[in-house]
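Student: Chain by chain, the residues run as shown.
2 protein chains.
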Amino acid sequence: MTSTQITHETTRKRLLEAAGQVFAQHGFEKATVREICRKANANVASVNYHFGGKEDLYAEVVAYGAQQSVEAFPPDRGLGPNPLPEAELNAFIHSFLCRFLKKNQRGSWYSTLCAREIVLPTRALDRVVREVIRPLSDRLEAIVRRLVPRASKLEVGRCARSIVGQCLFYHHGRPVIERMGGPKKYADADIRRLADHIARFSLQGLRGWKGRAA
Amino acid sequence: MTSTQITHETTRKRLLEAAGQVFAQHGFEKATVREICRKANANVASVNYHFGGKEDLYAEVVAYGAQQSVEAFPPDRGLGPNPLPEAELNAFIHSFLCRFLKKNQRGSWYSTLCAREIVLPTRALDRVVREVIRPLSDRLEAIVRRLVPRASKLEVGRCARSIVGQCLFYHHGRPVIERMGGPKKYADADIRRLADHIARFSLQGLRGWKGRAA
DNA sequence: TGACAAATCAAACAAATGTTTTAAACTATT
DNA sequence: AATAGTTTAAAACATTTGTTTGATTTGTCA
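Here the protein sequences come in this chain order: A and B.
Residue numbers for the first sequence follow the working numbering, so the first one is 5 and each next one is one higher.
Residue numbers for the second sequence follow the working numbering, so the first one is 5 and each next one is one higher.
Some clues are possibly wrong.
Chain copies aren't distinguished; within one or between two, either way the pair holds.
Taking lysine-lysine and the DSS-like style, the derived pairs with C-alpha atoms no more than 27 Å apart in a straight line are [as the list claims (entries may be wrong)]:
1) Lys34 - Lys214
2) Lys58 - Lys34
3) Lys157 - Lys106
4) Lys157 - Lys43
5) Lys157 - Lys188
6) Lys189 - Lys157
7) Lys34 - Lys188
No lab work stands behind these hints, which were simulated from the structure alone.
Construct the entire structure; sequences and hints are all you get.
Tutor: This is the structure we're talking about:
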């Protein structure tokens, strides 16, 4: 890689990071190319030069953010070899919460962006589902299956959604939770406790499907 | 009310309904007053004349939609006198799902709008939380308390959020669920089954806090 | 009926914004 | 050092959009 390409990459990267913040803060429509470029110390035309346009930049940012997010908190974090499904579930839930609630050094715009994309989907969502969400979902269903081996495929899916729903609520519902007097920040210990609660609630909930066919 | 005021009211109402659809479809930013007025068979200036501006119209629409939604599906629907908390929980969950999943005659833009507002909050959210969400939340916590009387206030809150999270996931996660091969439409029987699943999962989950202090 | 207010309408206004253009600066290769 | 290709910069462009204006119509009441 020549040094020309290196500076190229750095402006690209600066734009990606700046765009992530601005898109997360204002949403796609209200975010302006001008603010992004100002934040990235780049010229207004640089977005069109490097990405082709605002929309393409956005798609790039979403994919970039989702991947970074999963790599930072893999769902099997801290698990030893041959883990019990109970431990796997706990790790899955904990990593899931971390992805959204932990304030990482970057400013954690990934999660906000992802939430927006889920509720207000654009073309970028298709790629995220394919590359990030689908594998995670498959993994969770495998864990659930081990916990309730007699349940039908449909029931396993429903139970998995019950678990994911609990996690995502703390993300999607954040503005509401704050306005209801809930916490604005989550320390590591808070996230740990939350994960333990959801894991306990869910393991108990799964008991309803244990040992009986659908 | 004079007939002048009646026509006034009807254009107002037409604008509210049209705006609800357009805002839900495109989001606040991308929705244009021109499209709203075209849909409402009204002049471009009518939004400013009747509401003062686009933002005020939006705030009005959000509040209007949230109220209509709860009135259409009250959380105590179909309950007899002195219901068991288990039945109350089931009714609460079922009405909650209906609010978001049932396609009502209006085109059900309420729910979409509400989801947008939760993820990308504006000033309008404060009012919705105060007037609609808070009372619903209080009701749910009261039900949960009856089911786990020994649990702490914090734990009751967490359990309530676990329940709401399961319901909301089918709303917020809809674009993802569809892309994962899930259903696009929910018939009444589907909603019923879903409610039963969530109620069962949750009642089972709550057992973890039954009969023991925090 | 006639006057007054409310409502509607077509047209214009003013601001913001994504994009394009054209030239300058920079980098690497010969 | 010269040149070709790449990247950056400032300014202008074209379009969209919320809002305002002033005239016109509609409805009500004396």
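Student: Now look at each hint and say whether the structure bears it out.
Tutor: Evaluation of the provided hints:
1. Lys34 - Lys214: Result: close neither inside a copy nor across copies, 49 Å intra and 48 Å inter.
2. Lys58 - Lys34: Classified as both: same-chain Cα gap 12 Å, cross-chain 15 Å, threshold 27 Å.
3. Lys157 - Lys106: between (33 Å within a copy, 25 Å between copies)
4. Lys157 - Lys43: neither (48 Å within a copy, 44 Å between copies)
5. Lys157 - Lys188: Result: close only across copies, 19 Å inter versus 38 Å intra.
6. Lys189 - Lys157: between (37 Å within a copy, 20 Å between copies)
7. Lys34 - Lys188: within (24 Å within a copy, 29 Å between copies)
Checked against the numbered hints given earlier, this structure breaks hints 1, 4; the rest are met.
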